[in-house]
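Colleague: The chain contents come next:
Number of protein chains: 2
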Amino acid sequence: MSKLNYAIGVDLGGTNLVAGLVSSAGRVVFNRKLKTEANKGRKVAVGNIEKAIQLVLDGCTPEQKKGLKGIGIGAPGLVDHRKGIVRNPPNLKGWNEVHLAKIMSGKFKLPAYVGNDANVYALGEHTFGAGKGADCMVCITLGTGMGGGLILNNQLYVGSFQTAGELGHVIIDSKGKRCNCGNFGCVERYVGNSYIVERALEKIKQGRKTTVVKIAGGLDKITPKALSEAANSGDKLAREVWKETGAYAGAALSSIINTLGPRVVVIGGGVSRAGRLILDPIKAEVKKRVFKYLAQRVKIVLGTLGDDAAVLGSASLVWHHLK
Amino acid sequence: MSKLNYAIGVDLGGTNLVAGLVSSAGRVVFNRKLKTEANKGRKVAVGNIEKAIQLVLDGCTPEQKKGLKGIGIGAPGLVDHRKGIVRNPPNLKGWNEVHLAKIMSGKFKLPAYVGNDANVYALGEHTFGAGKGADCMVCITLGTGMGGGLILNNQLYVGSFQTAGELGHVIIDSKGKRCNCGNFGCVERYVGNSYIVERALEKIKQGRKTTVVKIAGGLDKITPKALSEAANSGDKLAREVWKETGAYAGAALSSIINTLGPRVVVIGGGVSRAGRLILDPIKAEVKKRVFKYLAQRVKIVLGTLGDDAAVLGSASLVWHHLK
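Chains A and B, in that order, are what the protein sequence lines are.
The first sequence: position 30 = 198 (the working numbering), numbered continuously.
The second sequence: position 16 = 184 (the working numbering), numbered continuously.
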C-alpha cells in the first residue's frame, strides 16, 4: 500500500470521548476530545459521539477526506463485533442495546465498526504496535481492572458469543478472594489498580517503612504511579508490591500461554507504565511456570502505542474488517 | 457429499497401536491392533505403524481402497502439525524428531497427517461427535493426565509453536501442589488418574468408611473405575471424591471459558466414563464462576465417540486438511 488512507478512531469511555484521524501508517494525525456525558443518558452520549466524529471530519483536508475508509469505535463492555451493537456497557447507564455501527454509518455514509475496548487495544498493538506481525498474540490491559484481547491466526478472536478475552477473570487461586464478577481468585482481584494500592497499604499497616506516602502526598493518595516513583528511587516496599503484582499477572499469563501458545504477549494499560517494574516479574514468573519449550519462545513485551493506543486500536477495526 | 470416502486413522500409544478404516460418515469400519514395542526403539515402532496400516489396507475392499483419501496419525507429545513431525514423544523413547507424515506418505503413496493425540481427539469430537457444528469448542481429556484440544472458528488451533491446548496446565492454585511439568497448582495435579485415587486414599486414612476398597479388591487397587462403581451405589466417600474432582476441573474450565468463550465444552478421556458423577460438578462449578451471560450459553457435555475416539479423531485429520 503506497498511498496513505485514513480511518476515524473513536475511544468511547464513561467520562471522556476521543475521536482522532488515523493514517494507515499508524499515526494519529489529530484528535478531538469531548465529554461523553454518559450521566445525561444515551441520546446525549450518542449525540456527543456524532459531534466528535463531525469535529474530526471538519478538521480533515479534502485529500484526507477522500482517503477516509471508515469509522471504528472502541466501547466498554459486551460488544457484538459482527453487528456493531453495544450491550449494557458498565459505565454508560441506560444504554441497553445500541446499534452504534448502524447509527454512525447511517449518519456519516461511511462503513462503521464497533469493538470491545480491550479487544480493540489488542488489535491496535497487532496492527501498529508491539504485536505487529505476530500470528498469535495475547494482550492484557492493566488498569482499574484487567482486560484482555486475543489475536489468533492474525484475526481478532471473539469466540462464539463475542465475549472472548476476559483474561482478568482467569483464576490464580480458586479458593482466593472474591472478585467483582462473582468468581473467586480471579487475577483481576490481585492486579487491579485498587488492589495494588490495597497491598501497599497492608504492608504499611504492618509498620513497614516506605517513601511512597510522602511521594503520594498522603496515605489515602497512594496510586500505582506513586508506587512506581517510589520503586524507581529504591523504595523496598514499593518494589515488593510491583514484584508481587507481576508474579500474580505472570501466574495467570502462564495458564493463558500454556492454553494458547502465542508468539507475543503484550502488556498494556495505565498500570503498565510501571515498565520493567511489572514486566520483569511477569517474565520471571512465566519462565518458572510455562513449559520450557514454549517459555523459551514466547516474547513478553510492553505495549508501544502509549496514549494513542485506544484511538489507533479503534481505527484499526476499519482496516481489519477491510481484509 | 453423497458418496462415502475413507481414511485410515492411527492411534499411536506408548504400548498399543490401533489402525482403523474410517468412513466419512464417522464410522470405524474395522480395526487392526498391534503392540507399539516402543521399548525396542524407533525403527521397530515405526515399522509397526507401517505394519498396522498395511493390515488395514489388506482388509479393504477394492471400492474402499479406491475411496481412500489419506492417513491420519494421532501421536503423543509435541507434534508439528504442519510438517507432520513428532518431537520427543514422552512414551516413545529415542524418537527425537520423526517425520512420520513423510515416511508414511512415501511408503503408502497417500497423503498423511500427524496430530497431537489430544488435539486429534478434539478434532474427532468436532467432526463426528459432541462438538459437531460448534464454531468454537474446547475439549479436555481426563486420564493419567489432562489433555486438551481447541477448535476455534472451525479450525484446529495449534498456536504459534504448535503447542496450544495444554489445558491440564492451567493453574487452579498458583501456590498449590507441584505438577510434573514443574509448575505449581496445575489442574492436572488435582484431576489426573492417580491424584483422584490419592484423594480417596487420604479420606480412607482419615478413618472414613467406604465400600470402594472392597469393590476394588484392595486398598492398593483403587481406580477411578472402582470409585465410579462405589459412587453409583451411593458410597459417600466416592461421591465426594468425584464432586471435588469435578470442581477442580470446573475451576480450570472457568478460566478457559472466560478466555475463549466457546459454544461447547467436551469432556472426554477414560476418567470421563464416570459420566454425570464428574459432569454435574463441572457444570455446577462453571455456573458459579463464569460470567453469567456466557455461563447461560456454553454447553458442557460428555464426548460421544467412546472407544473409537482416537481412531476417528486421527482419521478426521485427513478431512480437516482437505478443506
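Hints should not be assumed to be uniformly reliable.
It does not matter which identical chain is used: a pair holds within one copy or between any two.
Keeping only pairs whose Cα atoms sit at most 27 Å apart, straight-line, the calculated DSS-like set for lysine-lysine is [as the list claims (entries may be wrong)]:
1) 404 to 345
2) 208 to 467
3) 455 to 345
4) 261 to 467
5) 371 to 201
6) 411 to 343
7) 404 to 343
8) 261 to 456
9) 404 to 382
10) 219 to 270
11) 411 to 393
12) 377 to 219
13) 237 to 411
14) 343 to 237
15) 460 to 251
16) 251 to 467
17) 270 to 455
Don't read these hints as lab results, they were simulated from the structure.
Colleague: With reference to the structure, classify each hint as holding or not holding.
Modeller: Evaluation of the provided hints:
no. : hint       : result
1   : 404 to 345 : within (25 Å within a copy, 29 Å between copies)
2   : 208 to 467 : neither (44 Å within a copy, 39 Å between copies)
3   : 455 to 345 : both (25 Å within a copy, 18 Å between copies)
4   : 261 to 467 : neither (39 Å within a copy, 31 Å between copies)
5   : 371 to 201 : neither (39 Å within a copy, 63 Å between copies)
6   : 411 to 343 : both (22 Å within a copy, 16 Å between copies)
7   : 404 to 343 : between (29 Å within a copy, 23 Å between copies)
8   : 261 to 456 : between (43 Å within a copy, 26 Å between copies)
9   : 404 to 382 : within (14 Å within a copy, 58 Å between copies)
10  : 219 to 270 : within (16 Å within a copy, 61 Å between copies)
11  : 411 to 393 : within (15 Å within a copy, 45 Å between copies)
12  : 377 to 219 : neither (50 Å within a copy, 72 Å between copies)
13  : 237 to 411 : neither (44 Å within a copy, 55 Å between copies)
14  : 343 to 237 : neither (49 Å within a copy, 50 Å between copies)
15  : 460 to 251 : between (41 Å within a copy, 21 Å between copies)
16  : 251 to 467 : between (34 Å within a copy, 23 Å between copies)
17  : 270 to 455 : neither (46 Å within a copy, 34 Å between copies)
Violated hints, listed in ascending order, are 2, 4, 5, 12, 13, 14 and 17; each of the other numbered hints is respected by the structure.
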